[in-house]
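Protein chains in written order, with UniProt numbering: chain G, 1 to 333; chain V, 1 to 505; chain E, 1 to 350.
It is possible that part of the hints are untrue.
Which residues of chain E face chain G? A partial, calculated answer using Cβ under 7 Å [as the list claims (entries may be wrong)]:
#1 F87
#2 L126
#3 E288
#4 L298
Keep in mind the hints are simulated off the structure, nothing from the lab.
Bear in mind that the values here come from a model prediction, so they are computed numbers and not experimental data.
The beta-carbon is built from N, C-alpha and C at its ideal position, and this holds for glycine as well.
Below, each chain spelled out in residue letters.
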Amino acid sequence: MNRIRALLSGRELSIVLALAAVVLVTTATNPSFLSAQGIHDLFLNASIIALLAIGQTLLVITRNIDLSVGSVMGLTAYMSGQMFIADHETPTILVVLAGMALGAACGAFNGALVAIAKVPALVVTLGTLYVYRGLTYGWASATGVHQINADQMSQGFLSFGSGSVLGIPHLTLIAVVALAIAAYALHNWRSGRELYAIGSNPQAARLAGIPAGKRVLTAFVVSGALVGLAGVLHASYFGTINASVGTGRELAVVAAVVVGGVAIFGGSGTVLGAVLGALLLTTITSALPILGVPAFWQRAVDGAALLLAISLDRAVMVRLAERLRKERSLRRA
Amino acid sequence: MAAPDHTGVPLLELRDVTKSFQAVRALRGVSLALRSGEVHALAGENGAGKSTVVRIIGGEHQPDSGDVLLDGEHVRFSSPREAQQRGVAVIHQEPIQFPDLSVAENVFMGRQPLRTGRRIDRKAMHRRASEVFDQLGVPIDPARQTRGLSIADQQIIEIAKALVADARIIVMDEPTAALSAVEAERLFRVARGLADRGAALLFISHRLDEMYTLCDRVTVLRDGAFVVTERMADIDNDTLVRRMVGRSVEQLFPKRDTEIGEEVLVVDGLTRAGVYRDISFSVRRGEIVGLAGLVGSGRSEVVRAVFGVDDRDSGTVTVDGKALPKGKPRNAIESGVALVPEDRREQGLVLELSIERNASLARLRQVSPGGLTRQSRERALAGTWGERLSLKFGSLSDPAATLSGGNQQKIVLGKWLATEPSVLIVDEPTRGIDIGAKVEVHALLSDLAAQGMAVLLISSELPEVLGMADRVLVMHEGRITAELSRDEADEESVMYAATGNGSAA
Amino acid sequence: MREKLLRWESILLLLCILVFVWGSASTPGFAETDNVSFLLLDYTEVALLALALLPIILTGEIDLSVASVLGFCSALTGVLWDAGMSFETIVPLVLVAGAVLGSLNATLIVRFGLPALAVTIGTLGLYRGLAYVVLGDGAVTGFPDTYRPIATDTIPGTFLPYSTLVVLVLGILVAVVVHYTPIGRSLYAIGLGEQTARFSGIRVQRIKFVLYIVSGILCALASLVYTLRYNSARADNANGLELIAVAAVLLGGVSIFGGKGTVVGVASALLLMAGLRNVLFLNDVTNEIQNVINGLLLIISVLVPVVANLVRRRRSPAAVGIPEPPPQETLPDPVGATAASHATPEEDQR
Numbered sequence: 001m002n003r004i005r006a007l008l009s010g011r012e013l014s015i016v017l018a019l020a021a022v023v024l025v026t027t028a029t030n031p032s033f034l035s036a037q038g039i040h041d042l043f044l045n046a047s048i049i050a051l052l053a054i055g056q057t058l059l060v061i062t063r064n065i066d067l068s069v070g071s072v073m074g075l076t077a078y079m080s081g082q083m084f085i086a087d088h089e090t091p092t093i094l095v096v097l098a099g100m101a102l103g104a105a106c107g108a109f110n111g112a113l114v115a116i117a118k119v120p121a122l123v124v125t126l127g128t129l130y131v132y133r134g135l136t137y138g139w140a141s142a143t144g145v146h147q148i149n150a151d152q153m154s155q156g157f158l159s160f161g162s163g164s165v166l167g168i169p170h171l172t173l174i175a176v177v178a179l180a181i182a183a184y185a186l187h188n189w190r191s192g193r194e195l196y197a198i199g200s201n202p203q204a205a206r207l208a209g210i211p212a213g214k215r216v217l218t219a220f221v222v223s224g225a226l227v228g229l230a231g232v233l234h235a236s237y238f239g240t241i242n243a244s245v246g247t248g249r250e251l252a253v254v255a256a257v258v259v260g261g262v263a264i265f266g267g268s269g270t271v272l273g274a275v276l277g278a279l280l281l282t283t284i285t286s287a288l289p290i291l292g293v294p295a296f297w298q299r300a301v302d303g304a305a306l307l308l309a310i311s312l313d314r315a316v317m318v319r320l321a322e323r324l325r326k327e328r329s330l331r332r333a
Numbered sequence: 001m002a003a004p005d006h007t008g009v010p011l012l013e014l015r016d017v018t019k020s021f022q023a024v025r026a027l028r029g030v031s032l033a034l035r036s037g038e039v040h041a042l043a044g045e046n047g048a049g050k051s052t053v054v055r056i057i058g059g060e061h062q063p064d065s066g067d068v069l070l071d072g073e074h075v076r077f078s079s080p081r082e083a084q085q086r087g088v089a090v091i092h093q094e095p096i097q098f099p100d101l102s103v104a105e106n107v108f109m110g111r112q113p114l115r116t117g118r119r120i121d122r123k124a125m126h127r128r129a130s131e132v133f134d135q136l137g138v139p140i141d142p143a144r145q146t147r148g149l150s151i152a153d154q155q156i157i158e159i160a161k162a163l164v165a166d167a168r169i170i171v172m173d174e175p176t177a178a179l180s181a182v183e184a185e186r187l188f189r190v191a192r193g194l195a196d197r198g199a200a201l202l203f204i205s206h207r208l209d210e211m212y213t214l215c216d217r218v219t220v221l222r223d224g225a226f227v228v229t230e231r232m233a234d235i236d237n238d239t240l241v242r243r244m245v246g247r248s249v250e251q252l253f254p255k256r257d258t259e260i261g262e263e264v265l266v267v268d269g270l271t272r273a274g275v276y277r278d279i280s281f282s283v284r285r286g287e288i289v290g291l292a293g294l295v296g297s298g299r300s301e302v303v304r305a306v307f308g309v310d311d312r313d314s315g316t317v318t319v320d321g322k323a324l325p326k327g328k329p330r331n332a333i334e335s336g337v338a339l340v341p342e343d344r345r346e347q348g349l350v351l352e353l354s355i356e357r358n359a360s361l362a363r364l365r366q367v368s369p370g371g372l373t374r375q376s377r378e379r380a381l382a383g384t385w386g387e388r389l390s391l392k393f394g395s396l397s398d399p400a401a402t403l404s405g406g407n408q409q410k411i412v413l414g415k416w417l418a419t420e421p422s423v424l425i426v427d428e429p430t431r432g433i434d435i436g437a438k439v440e441v442h443a444l445l446s447d448l449a450a451q452g453m454a455v456l457l458i459s460s461e462l463p464e465v466l467g468m469a470d471r472v473l474v475m476h477e478g479r480i481t482a483e484l485s486r487d488e489a490d491e492e493s494v495m496y497a498a499t500g501n502g503s504a505a
Numbered sequence: 001m002r003e004k005l006l007r008w009e010s011i012l013l014l015l016c017i018l019v020f021v022w023g024s025a026s027t028p029g030f031a032e033t034d035n036v037s038f039l040l041l042d043y044t045e046v047a048l049l050a051l052a053l054l055p056i057i058l059t060g061e062i063d064l065s066v067a068s069v070l071g072f073c074s075a076l077t078g079v080l081w082d083a084g085m086s087f088e089t090i091v092p093l094v095l096v097a098g099a100v101l102g103s104l105n106a107t108l109i110v111r112f113g114l115p116a117l118a119v120t121i122g123t124l125g126l127y128r129g130l131a132y133v134v135l136g137d138g139a140v141t142g143f144p145d146t147y148r149p150i151a152t153d154t155i156p157g158t159f160l161p162y163s164t165l166v167v168l169v170l171g172i173l174v175a176v177v178v179h180y181t182p183i184g185r186s187l188y189a190i191g192l193g194e195q196t197a198r199f200s201g202i203r204v205q206r207i208k209f210v211l212y213i214v215s216g217i218l219c220a221l222a223s224l225v226y227t228l229r230y231n232s233a234r235a236d237n238a239n240g241l242e243l244i245a246v247a248a249v250l251l252g253g254v255s256i257f258g259g260k261g262t263v264v265g266v267a268s269a270l271l272l273m274a275g276l277r278n279v280l281f282l283n284d285v286t287n288e289i290q291n292v293i294n295g296l297l298l299i300i301s302v303l304v305p306v307v308a309n310l311v312r313r314r315r316s317p318a319a320v321g322i323p324e325p326p327p328q329e330t331l332p333d334p335v336g337a338t339a340a341s342h343a344t345p346e347e348d349q350r
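Work out the full structure, taking the sequences as your base and the hints as a guide.
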């Protein structure tokens, strides 16, 4: 009981409360929002972005960022489709592994530039955002395959994406497993704690002998693999792919992570928070049309949520510092 | 812990070590032996080379020549990590930690106890940390976040780190600079205990009385050179000072008698909750007022608020009878206040900018007739002041970073004197500069006061305050606890007030 | 330091010349007046965004929302035009809107002390989202022929488009401010040592605030040119253009960490990129591949100084005087997270 309370204390708890509020208000307007199907859809929609958020968290904790996630996701989604065009009966597991490998390779390229060449992650990933997207489009125009439809993919692959176990979608199960593994590693492994250390104070990390370059590179590779997985899952769930899959997703992911309480300057935050952040933003997005707000608002909402979250974090921090200062003055007086 | 070592082989030894940075020779032929069970003092003025010694022992720098011996064997630490693995721990004046992580994690980073499956054993980690803190006699909750801990507690964490790493050589670099009397006492107890259990300690402090209290032997450095190693009991205070300074007090502090005029800077009731409160004082024309106190007592914060870079809650600052608005450095500059800040590299200079651009930074409008900045004017300004302060430089377009600490400080002084101030505030003006430059700075301050400038001098080096000031204000925990005339002020009276024993002035 | 920068700019100019020589030699039609005018026109908006970004990046901050400000202002132009407002009224309104969006960035970054990177990623989404909110996903066309020539035509008898003339004038203005005024000196000082700048009486906050407002206005101006040039106001106008603008600024030799770079460098980079794009376009290289090239240019522009620094250090290990750039993003410090930085090597030397 205590553990659960500790787990949900602070940021996670407030997100859960916000989530409850959104769900309540929306359900009051339209009860079908909370139907079995409604919840099913909600979790499905949140699963892919949750995977991206888990990967992004690993990076943001170390004071880095990856803006190329949307493009990497698009590239791996498109590759999944191409694999089926090459061989209609490609085994699903092969597609998944290939997608993760390609994602990891894209992450490794980003990570190498950041960790070895010391180029700021912002610049690297802003650049590769366009490089990876361009490669996808280039691939599409070189092969003339601009869209890949469900009937071109294997039945097994499609049912993998839309299937469920005991009413829980496969995608959600995968996201939950990824969340559990990442949360476990970040909490219990030395290398996980070292990611926090690198973000909390790079200089102290150096003095403590933490191999920061290696850790950051690894974080990029793991994050890339997760993004790759997300791309493949996108393909298998939606069954229709073109070269523009995932465009602009980086905003939603960064917003989810920051809303989830991961400090943009690194050093603190949890993957659980980030995933809850993703769930909250997805829920708000799904609630908008029901509440009569045009879907156009989605981008604006993501952006506004990000701004609100960092502003709140800042306000809390300032108030904390202020309180410490006042306490000190009381102690002295 | 290893048993006390009486075989005579030092745990760590430096032999004839030299180290240069570009053209600057920071260390020349320094030898030093640290023995098990012994607390060894490293004494020297600002700029004598103490920090370089610390960095070589800690693996941050490698010597250009000479030897480092560990247990009598040659070693070469290529990184701080390597030094740590060989049993060296350095405790800095301001510890470098992970503010977001827990105390226990800071203590155990990189060597956390593991359970099966390479899983961190948090229980064991917290238990071990509690044990170590008990052993040190300081109750700190291992589970709390490190952010917000006092400097004294952070140092204890560093010591705990050294303990769990089984460090045998522990270097403490000015650990007491920010500590109250009680905290310093606690630290000494811990340090003594470490030595008794067989560790070799190197202790650096500005305060001689501390060395006599704690240390067994002392090595004196001057201008980067080895002077002497003596048993503490065999060297008296005056001899020690003479060895450190290497010249007479008159040479070091060329204080001139001046005519003290009317009040120029008047500070009244300055308060910032939790930082300082009810600070009132004045500085007169031709007067040098010393502001003493421990690091963290609020000295720098007060002058920063006077100058306007920091905010204040209440109180007034007037210059020549004119009130300065709060939080506006530009108004302070226009009213004739100049602040040579504490951190030369972060606050005084833009290291990557050229000398001339640094020199004109505080008076850009004066080098920009008609709104257009002229390089010729910048250069003339820098040239004039460079000459007056006998600045040594290659070219005025060289980055400030290429100069030595003393010459960098001269640029900062020149930059502020160029604003033609009537009040000059100098915060730690001789930190990290060599003795030659130090004497020049003292002479300059003396001259400026003689010409009628009002000078407010902050320094952690007591001899500097005592040698230069006409009047000494002492701060403790954000309050002025004593105001002493030149005759009343001595080492004892100032430290008495600075460690919290004085009555409010 | 100065010589090093000059060398970088010479390299850029040389590359520019190479591209133009190669273009005229290999590609028929490249050197024709119409094509040169088109090439310049095509980069008008990027140049305006780059002019907005340059001073901001010099201070060590960033603005990733520039293209979204452009998009919003374009959408606003469309809505107001659709509502029957005269173009003469729309122009000042749109410029004010740009200033308002810029000042929202400024408020969050300067007043609240939030990291510019996070804020402008947020407003990148927010402003683009608001563009869709005001205009939807349709397009407004049919802008008046009285004004369109400003964005599409050349000054009679020359190859120089009117809009390029505007860019030139603004560019010279920015160059004078950046290189020859107290404000300009302050920008460099802030970028290389913000604390020192503050301690020197430079009004850091005010300067940054103004820069973001100016950025908003320049983006609004760019939106008017864009809208008129394509005769189309859409919410997704100039989507992603921030990349090309940032790439141009960094390729021009401006350091992402602030404090280094010149207007000449950025101008050369713009010309280089415009020329390259045009040659590739004429050779039927698709837009997508061009994006790959732009992305790579951005990375290379930041990689070059890093590698050069490494090589130099390897060659002369004595040159430790100049501190290396921070290893990762220059994010502002979260309430002193790294404040415990201890003294640096030169501290205790003579």
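Do the hints match the structure? See the list:
1. Interface hint status for F87/E: violated, as the beta-carbon distance to the closest one in chain G is roughly 26 Å, over 7 Å.
2. Given the 7 Å rule on beta carbons, the hint for L126/E holds: about 3 Å separates it from the nearest Cβ of chain G.
3. For E288/E, the shortest C-beta to C-beta distance to chain G is roughly 3 Å, which falls under 7 Å, so the interface hint holds.
4. A cut of 7 Å between beta carbons decides the hint on L298/E: the least distance to chain G is about 4 Å, and the hint holds.
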